[in-house]
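S.K.: Sequence:
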Amino acid sequence: MNQTFIKVFCTFLLGTIPHMADYLNEFVYASLPRALLDNMTHVAIGVVSWIVVEPSSIKVQRPSRSLIAVAVLSSLIDIDHFIAARSIHLKNALRAPYRGIFHCSGAMLVVNVIMFCLNFHWGVVFLVSWVPHHLRDAVRRGIFLLPPQMSTDPLPNIVVTLLTMTLPWVVSLVQGKMSPLNQPIRNVFDV
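Under this note's numbering, the sequence shown has 104 at position 108, and the numbering climbs by one with no breaks.
What the hints contain is simulated information worked out from the structure, not anything from laboratory work.
There's no promise every hint is true.
In silico DMTMM-like links for lysine to aspartate or glutamate, alpha-carbon gap of 20 Å or less [as the list claims (entries may be wrong)]:
#, residue 1, residue 2
1, Lys87, Asp74
2, Lys87, Glu22
3, Lys87, Asp34
4, Lys87, Asp76
Using C-beta positions, here's what the derived DEER-type ranges look like [stated by the list, open to error]:
#, residue 1, residue 2, range
5, Lys87, Leu158, 27 to 37 Å
6, Asp18, Trp165, 17 to 27 Å
7, Lys173, Leu28, 40 to 50 Å
8, Phe1, Val155, 21 to 31 Å
9, Leu159, Thr0, 20 to 30 Å
10, Thr0, Ser147, 30 to 40 Å
11, Ser60, Met174, 11 to 21 Å
12, Asp149, Phe1, 30 to 40 Å
13, Leu33, Pro59, 14 to 24 Å
Glycine residues also receive a C-beta, built at the ideal position from the N, C-alpha and C atoms.
Working from the sequences, and respecting the hints, build out all of it.
M.R.: Next comes the structure, spelled out in structure tokens:
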């Protein structure tokens, strides 16, 4: 299948998935299904974003490790709700007194810079995992910049949608230009 078509179609999906999930959420009242729907929406947005970045990663019989990593990381970010609540119970996690460290864009950016230095490709994977997640959450709560709880105001839905649709294209472009740096940093110093 034509990679340009795949990227354009996935960009369309990035504009519609969050709105479809929000619509479905209006009909779900129990906490567990709502939390699962929200988490799976983060996974879907992360995976579709990665397909825009690297369309060749969607081999049906054997998806790429990068695609699987984006899916897992996009989901695992929400584990910090339980950490912040200091509880394994969903009810407590949903009422955590503050946002967890994995939802802190400043902290994630620091980790991401370190990852870029160690291995550019996995830094890109990490970036595509957390940025769309933070953007989606920013519609309701703003972007959590730095502890203790320094956040922006909630972002308008249209801004988040446009950023979510644009991010993977920018990442794809930068990744293509940076491909010579796509090696672990330790290789630079090998003799």
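S.K.: Now look at each hint and say whether the structure bears it out.
M.R.: Against the structure, the hints:
For the proposed pair Lys87 and Asp74, the alpha carbon gap of about 14 Å is at most 20 Å, so the pair holds. Note on Lys87 and Glu22: the hinted pairing holds, with a Cα-Cα distance of about 19 Å set against a maximum of 20 Å. A distance of roughly 15 Å separates the Cα atoms of Lys87 and Asp34; the hinted pair therefore holds under the 20 Å criterion. Using a Cα cut-off of 20 Å, the hinted pair Lys87 and Asp76 holds, with the two alpha carbons roughly 14 Å apart.
For the pair Lys87 and Leu158, the beta carbons lie near 35 Å from each other, so the given range of 27 to 37 Å is met. For Asp18 paired with Trp165, a C-beta distance near 23 Å keeps the hint of 17 to 27 Å intact. With their beta carbons about 44 Å apart, Lys173 and Leu28 fall inside the hinted range of 40 to 50 Å. One distance hint, 21 to 31 Å for the beta-carbon pair Phe1 and Val155, holds here, with the actual separation near 27 Å.
Range check, Leu159 to Thr0: about 21 Å between beta-carbon atoms, so the 20 to 30 Å window is met. Between Thr0 and Ser147 the CB atoms are about 37 Å apart, so this pair conforms to the stated range of 30 to 40 Å. One distance hint, 11 to 21 Å for the beta-carbon pair Ser60 and Met174, holds here, with the actual separation near 18 Å. Separation of Asp149 from Phe1 is about 37 Å and conforms to the stated range, judged on CB atoms against 30 to 40 Å.
Separated by about 23 Å at the C-beta atoms, Leu33 and Pro59 satisfy the suggested range of 14 to 24 Å.
In summary, this structure violates none of the numbered hints.
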